[in-house]
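**Q** Sequence:
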Amino acid sequence: MTESDRTLLSGADPDFLEELSDYLDVLGNPVRLRILQLVAGGSKDARSISRAVGTSYENTRKHLDRLLLAGLVTKEAGLSGETATGVHPVWKYTLVPGGLERVVQNLALFGNLGIAADAHGVSLRLREMRDQVSSTFFGGTPLLLVVGGPDDGTVFPLEGRRYAVGREDAGGAAAGSEAIALSPAYTAVTRVSRPHCRLAMAGGAWQVEDCGSTGGTQVNAVPLRRHEHRLLEDGDIIDLARGPQGARLLFTLPPSGLTDDRLA
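For the sequence shown, UniProt numbering begins at 1 and goes up steadily by one.
It should be emphasised that the hints constitute simulated quantities derived from the structure, not laboratory data. Source: prediction; values computed, not measured. Even for Gly, the Cβ is constructed at its ideal location relative to N, Cα and C. A few of these clues could be false.
Computed list of lysine to any residue pairs in SDA-like fashion (alpha-carbon distance at most 25 Å, straight line) [as the list claims (entries may be wrong)]:
#1 K92 to L124
#2 K92 to R102
#3 K44 to D25
#4 K92 to S50
#5 K92 to E159
#6 K92 to L79
#7 K92 to G149
#8 K92 to R127
#9 K75 to S177
#10 K62 to S50
#11 K92 to R47
#12 K44 to D15
#13 K75 to L124
#14 K62 to G42
#15 K62 to D13
#16 K44 to E19
#17 K92 to L109
Label pairs and their computed distance ranges (CB to CB) [to be verified]:
#18 G212 to T55: 27 to 35 Å
#19 T83 to D152: 16 to 24 Å
#20 G28 to A52: 33 to 41 Å
#21 R47 to S135: 36 to 44 Å
#22 N29 to T94: 34 to 42 Å
#23 P223 to D65: 46 to 54 Å
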């Protein structure tokens, strides 16, 4: 990604920065992150959440209200567990489907575009929030996020060291490679191949290789030649073909910028 790409938001509207600051306020509280982690594992009532996070019921309700307002959790009627006075109706809270993936995508996109110094300190807070979310929910692994299209918001943690990327019906993954398969909606798109590209860890860095694809592979809008390898940096955009018949992927590194030692 070029320097001009990374500073795209340097002249961001003050109202936008204020809204982004509010969004980061919602996520920046460690109790709220813990609540998201809990409800990601299944619906829970406020009292159960309160006990699990070690704060008062009243404070838990306030945190849940902020998460509801941000559209990160939903609530629906349910029943409590068995108590001394029987079973009671309660509100149960659940992570919005795809909510966590959307958080990761939002933070990655805004963080990788870059925001110049501002009154809200948004640029630094974005980096800190990305690090927190990556560590809390994904164990600090590199991530590949789908941006736009049928799989928009899907997150693929890169826990291995070699991946074949392409349509769901993609065969031909090389020995020792794992598959990152796009959904069935891409199987009718002839410009995304089977497989289209490969990601691999080599010499302590990630790189992408075009697999002689039909529609071509671009990194930050710069085309790769067939079977060309290119090193990847945090925030790089990988396009499998372009336009409505393509797929766009966002590559992000963990806070340290390095993978686990076993992958080096």
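**Q** Evaluate each hint against the coordinates.
**A** Now the hints, each set against the structure:
Of the supplied pair hints, the one linking K92 and L124 is violated, its CA atoms being roughly 34 Å apart against a limit of 25 Å. A threshold of 25 Å between alpha carbons decides the hint, and for K92 with R102 the separation of about 22 Å falls inside it, so the pair holds. Taken as a hint, the K44 and D25 pair is honoured in the structure, with Cα atoms around 23 Å apart against an allowance of 25 Å. For the given pair, K92 sits about 13 Å from S50 by alpha-carbon distance, which is consistent with the 25 Å threshold.
A distance of roughly 33 Å separates the Cα atoms of K92 and E159; the hinted pair therefore is violated under the 25 Å criterion. With a C-alpha separation of about 8 Å, the suggested pair K92 and L79 falls inside the 25 Å cut-off, and the hint holds. Annotation: proposed proximity of K92 to G149 is violated, straight-line Cα distance about 32 Å (limit 25 Å). Distance check on the hinted pair: K92 and R127 sit about 32 Å apart at the alpha-carbon level, beyond 25 Å; violated.
With a C-alpha separation of about 41 Å, the suggested pairing of K75 with S177 is violated against the 25 Å cut-off. This hinted pair checks out: K62 and S50 have alpha carbons roughly 11 Å apart, not beyond 25 Å. At most 25 Å may separate the alpha-carbon atoms for a hinted pair to count; K92 and R47 meet this at roughly 10 Å. With a C-alpha separation of about 35 Å, the suggested pair K44 and D15 falls outside the 25 Å cut-off, and the hint is violated.
The hinted pair formed by K75 and L124 fails the criterion: a straight-line CA distance of about 32 Å is larger than 25 Å. Restraint check: the Cα-Cα separation between K62 and G42 comes to about 20 Å, which is no more than 25 Å; the hinted pair holds. With a C-alpha separation of about 30 Å, the suggested pair K62 and D13 falls outside the 25 Å cut-off, and the hint is violated. Restraint check for K44 and E19: the C-alpha separation of about 29 Å exceeds 25 Å, so the hint is violated.
Of the supplied pair hints, the one linking K92 and L109 is violated, its CA atoms being roughly 31 Å apart against a limit of 25 Å. Taking the beta carbon of each, G212 and T55 are about 56 Å apart, not inside 27 to 35 Å as hinted. In this structure the supplied range 16 to 24 Å is violated for T83 paired with D152, their Cβ-Cβ distance being about 42 Å. For G28 paired with A52, a C-beta distance near 20 Å fails the hint of 33 to 41 Å.
At about 28 Å, the CB distance of R47 to S135 disagrees with the hint of 36 to 44 Å. Evaluation of the 34 to 42 Å hint for N29 and T94 yields a failure: the beta carbon distance comes to about 19 Å. Taken as a hint, the range 46 to 54 Å holds for the pair P223 and D65, whose Cβ atoms sit roughly 48 Å apart.
Checked against the numbered hints above, the structure breaks hints 1, 5, 7, 8, 9, 12, 13, 15, 16, 17, 18, 19, 20, 21, 22 and satisfies the rest.
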